[in-house]
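Protein chains in written order, with numbering that gives the first Met the number 0: chain A, 0 to 132; chain B, 0 to 132; chain C, 0 to 132; chain D, 0 to 132; chain E, 0 to 132; chain F, 0 to 132.
Bear in mind the hints are in silico, worked out from the structure with no lab data behind them.
Hints may be right or wrong, so weigh each one.
As the list makes no split between identical chains, a pair holds if one copy fits it or if it spans any two.
[Claimed, not checked] Listed below are the simulated DMTMM-like cross-link pairs for lysine to aspartate or glutamate, each with C-alpha atoms no more than 20 Å apart in a straight line: (1) Lys94 <-> Asp29; (2) Lys65 <-> Glu10; (3) Lys65 <-> Glu100; (4) Lys94 <-> Glu131; (5) Lys65 <-> Glu131; (6) Lys53 <-> Asp63; (7) Lys94 <-> Asp126; (8) Lys94 <-> Asp12.
There are 6 protein chains.
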Amino acid sequence: MATVPPPQDPESDPRVRAVFDDIRATRGSDFVNNLWRYLAFDPPLLEEVWGEVKAVMATETLLDAKTKEMIYAAVSIANSCEYCTHSHLAAARAKGMSAAEQAELLRIIATAGKTNHLVNAIRPPVDAAFTED
Amino acid sequence: MATVPPPQDPESDPRVRAVFDDIRATRGSDFVNNLWRYLAFDPPLLEEVWGEVKAVMATETLLDAKTKEMIYAAVSIANSCEYCTHSHLAAARAKGMSAAEQAELLRIIATAGKTNHLVNAIRPPVDAAFTED
Amino acid sequence: MATVPPPQDPESDPRVRAVFDDIRATRGSDFVNNLWRYLAFDPPLLEEVWGEVKAVMATETLLDAKTKEMIYAAVSIANSCEYCTHSHLAAARAKGMSAAEQAELLRIIATAGKTNHLVNAIRPPVDAAFTED
Amino acid sequence: MATVPPPQDPESDPRVRAVFDDIRATRGSDFVNNLWRYLAFDPPLLEEVWGEVKAVMATETLLDAKTKEMIYAAVSIANSCEYCTHSHLAAARAKGMSAAEQAELLRIIATAGKTNHLVNAIRPPVDAAFTED
Amino acid sequence: MATVPPPQDPESDPRVRAVFDDIRATRGSDFVNNLWRYLAFDPPLLEEVWGEVKAVMATETLLDAKTKEMIYAAVSIANSCEYCTHSHLAAARAKGMSAAEQAELLRIIATAGKTNHLVNAIRPPVDAAFTED
Amino acid sequence: MATVPPPQDPESDPRVRAVFDDIRATRGSDFVNNLWRYLAFDPPLLEEVWGEVKAVMATETLLDAKTKEMIYAAVSIANSCEYCTHSHLAAARAKGMSAAEQAELLRIIATAGKTNHLVNAIRPPVDAAFTED
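Turn these sequences into a full structure, and let the hints guide you.
Written out as structure tokens, the structure reads:
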């Protein structure tokens with residue numbers, strides 16, 4: 000159940016069509032997942048968000064694609080975003096994350112969740128050695 | 000300003016001393032940061048948390064140490080944990096994260112924060128293709 | 000699937016009936032949504048929460064009703080509250096938010112989500128010019 | 000550094016004075032902490048919030064005062080509210096929470112933070128046995 | 000819809016079987032809930048998480064079992080973890096939390112959620128009287 | 000204490016200078032706040048983030064500038080972003096938000112925080128009437 004109307008033939012809008020074509024070309028797959036289909040309710044927003052995600056995630060940069068998807072999934076899990084958790088764990092697997100690596104990712108996230116709570120409870124002063132200014 | 004008393008000569012307790020010695024040996028450094036110094040108010044908790052962090056982060060596993068610290072920092076940033084953000088970004092730098100990689104990490108986290116909010120607003124259905132069961 | 004028993008003829012309790020009548024009168028509609036129906040498991044809590052929501056949201060104040068619902072929805076989205084996101088976006092639409100305004104609201108929330116993460120990562124000092132004391 | 004002007008002789012306003020008098024009488028102490036002093040910028044909001052906090056926390060109910068403050072602190076820690084973490088842990092101590100109980104509280108919160116993250120990553124289906132409807 | 004494969008005869012793995020047997024023995028019930036069934040995808044993680052939860056929650060400590068589950072539920076609610084909210088409210092009920100106590104728990108959590116937001120908006124300075132160092 | 004080096008003569012970089020000039024021109028003020036000064040450590044990220052914030056917040060759109068800043072502040076408060084809370088409440092005041100409107104904004108955010116927690120505890124089913132698909 001979404002908060003915007005379901006997409007009805009979204010590619011009849013040429014701006015949407017262009018974004019979907021770029022998604023398919025970038026990923027080498029015919030599959031366009033629901034986020035983009037629902038975002039089509041506002042073509043300029045669709046263009047803007049896809050442009051940013053493509054630039055950050057689907058462009059060759061310093062970090063490899065699998066690592067980037069694992070970081071993206073970690074943030075999504077911490078933010079309790081169900082759809083994002085599914086889509087970025089799936090993307091990480093598609094980019095080579097093994098089951099054992101997924102288990103390791105979960106372990107890091109769980110331990111971080113634990114110490115984040117502990118530290119937010121204790122509130123120790125930040126060590127001067129950690130800061131950059 | 001912390002919520003537990005400041006550590007007064009914590010290493011006079013042999014359990015604390017043993018943990019601090021292990022921290023120093025594991026890291027090859029004399030520096031013991033404030034989280035551990037304040038956690039010393041409860042030696043069993045100190046032992047338990049250090050044991051877990053060491054097993055997850057300071058043991059050779061599938062993911063390299065720098066990647067693990069970047070994931071840990073990503074979760075800490077999403078959880079708005081100031082101390083953890085400082086300590087794990089510093090740890091990632093100590094394990095080789097360059098300034099350019101830190102900028103890239105921030106870019107991924109920022110974009111994830113953006114789409115997490117967008118998806119939590121739109122609430123599109125999770126694509127069947129993403130799930131594992 | 001809820002954590003309290005489903006409402007069974009909640010209006011047989013006169014306190015619940017009075018609240019539901021006030022909800023219908025305030026909104027000029029027969030529809031009483033599930034939050035209030037489930038909250039009926041504890042009539043004093045139902046009275047207290049409805050009283051507060053009515054005073055803040057359904058009373059004429061400085062901000063107009065549409066703006067208030069958009070702010071309420073923004074908080075609910077940031078807090079990842081699925082039900083609240085649905086109910087307050089629907090309320091904003093009922094109070095005149097157009098599809099284009101909803102798209103703009105999402106854009107602001109998404110950009111705020113992005114810079115909130117970026118700032119929580121960078122931790123710049125708060126400018127003295129911003130504070131009131 | 001606050002986002003509202005610092006309180007200047009807030010008790011010159013009789014509504015503020017009445018709330019502060021009630022805070023002092025309820026707690027049996029002359030100390031009025033900063034939250035109430037800053038909230039005095041809007042006397043009706045001060046009255047409303049103090050009235051609610053007093054009814055929930057300072058009135059005899061089923062749960063004892065120490066347990067209530069520990070629950071309040073747990074929520075505040077999970078929400079990363081620094082001031083609230085300090086004030087409600089201090090209140091729990093004032094109502095009898097020992098250092099050992101505070102350590103136990105932290106342990107529960109830390110483990111909850113860990114499994115919350117793990118579950119938000121794995122997304123197992125909710126067992127029918129858990130639900131009430 | 001989960002992010003790991005559904006459990007297929009998980010107890011054919013002796014490590015999983017040992018954990019499940021311990022869960023059943025500890026709880027005096029044949030029921031093993033989905034979190035543990037899905038966590039069985041990684042037996043060492045299953046052992047580690049169950050070991051921690053058992054030590055914190057199912058071992059006699061200073062706080063009684065009902066109070067501990069209420070605190071655990073409070074954190075889970077603040078973190079918007081749906082599964083955890085269901086499982087720990089159910090556990091609290093199983094350990095004696097009455098419907099009236101559950102209503103009181105919700106009231107504390109709701110008021111904490113309110114003042115956490117208010118304080119994060121106002122940002123009053125932490126009173127020196129609250130801190131321990 | 001920040002996680003990136005403090006800005007040293009950032010405008011000696013012509014890309015940074017161009018962004019700062021645009022900030023000053025857009026706002027009609029010589030003041031460039033710390034977020035932009037610290038973001039200058041990575042000029043492309045600075046350009047990208049400023050471009051987005053300017054397009055969303057400093058361009059004439061359907062919603063007026065004051066309302067947009069109030070929504071931005073509401074998200075920042077819910078996300079516990081201290082710097083963002085200060086900067087966007089200050090921006091809302093600069094765009095005409097009165098003290099009484101700020102009090103009303105806080106009241107809405109506080110009530111939303113309360114019901115968000117209550118709903119995340121109760122988990123009522125989303126009413127079909129609320130959804131758009």
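Verification of the hints:
Taking the closest pair of Cα atoms, Lys94 and Asp29 come within 20 Å of each other only inside a single copy of the chain (17 Å); across copies the shortest separation is 40 Å, beyond that limit. Neither within a single protomer nor between protomers do Lys65 and Glu10 lie at most 20 Å apart by alpha-carbon distance, with minima of 30 Å and 32 Å respectively. In the homo-oligomer, the alpha carbons of Lys65 and Glu100 lie at most 20 Å apart both inside one protomer (10 Å) and across protomers (15 Å), since each shortest distance falls under that limit. Taking the shortest alpha-carbon separations for Lys94 and Glu131, only the inter-copy value of 16 Å comes in at or below 20 Å, while the best intra-copy value is 34 Å.
Taking the shortest Cα distances, Lys65 and Glu131 sit within 20 Å of each other only across copies (18 Å), while inside one copy they are farther apart (29 Å). For the homomeric pair Lys53 and Asp63, the shortest alpha-carbon distance inside one copy (14 Å) is at most 20 Å, but the shortest distance between copies (26 Å) is not. Proximity of Lys94 to Asp126 under the C-alpha cut-off of 20 Å is restricted to the inter-copy arrangement: shortest distance 18 Å between copies versus 37 Å within a copy. For a Cα distance limit of 20 Å, the shortest separation of Lys94 from Asp12 qualifies neither inside one copy, at 31 Å, nor across copies, at 29 Å.
Hint compliance for this structure: hints 2 and 8 are not met, and every other hint is.
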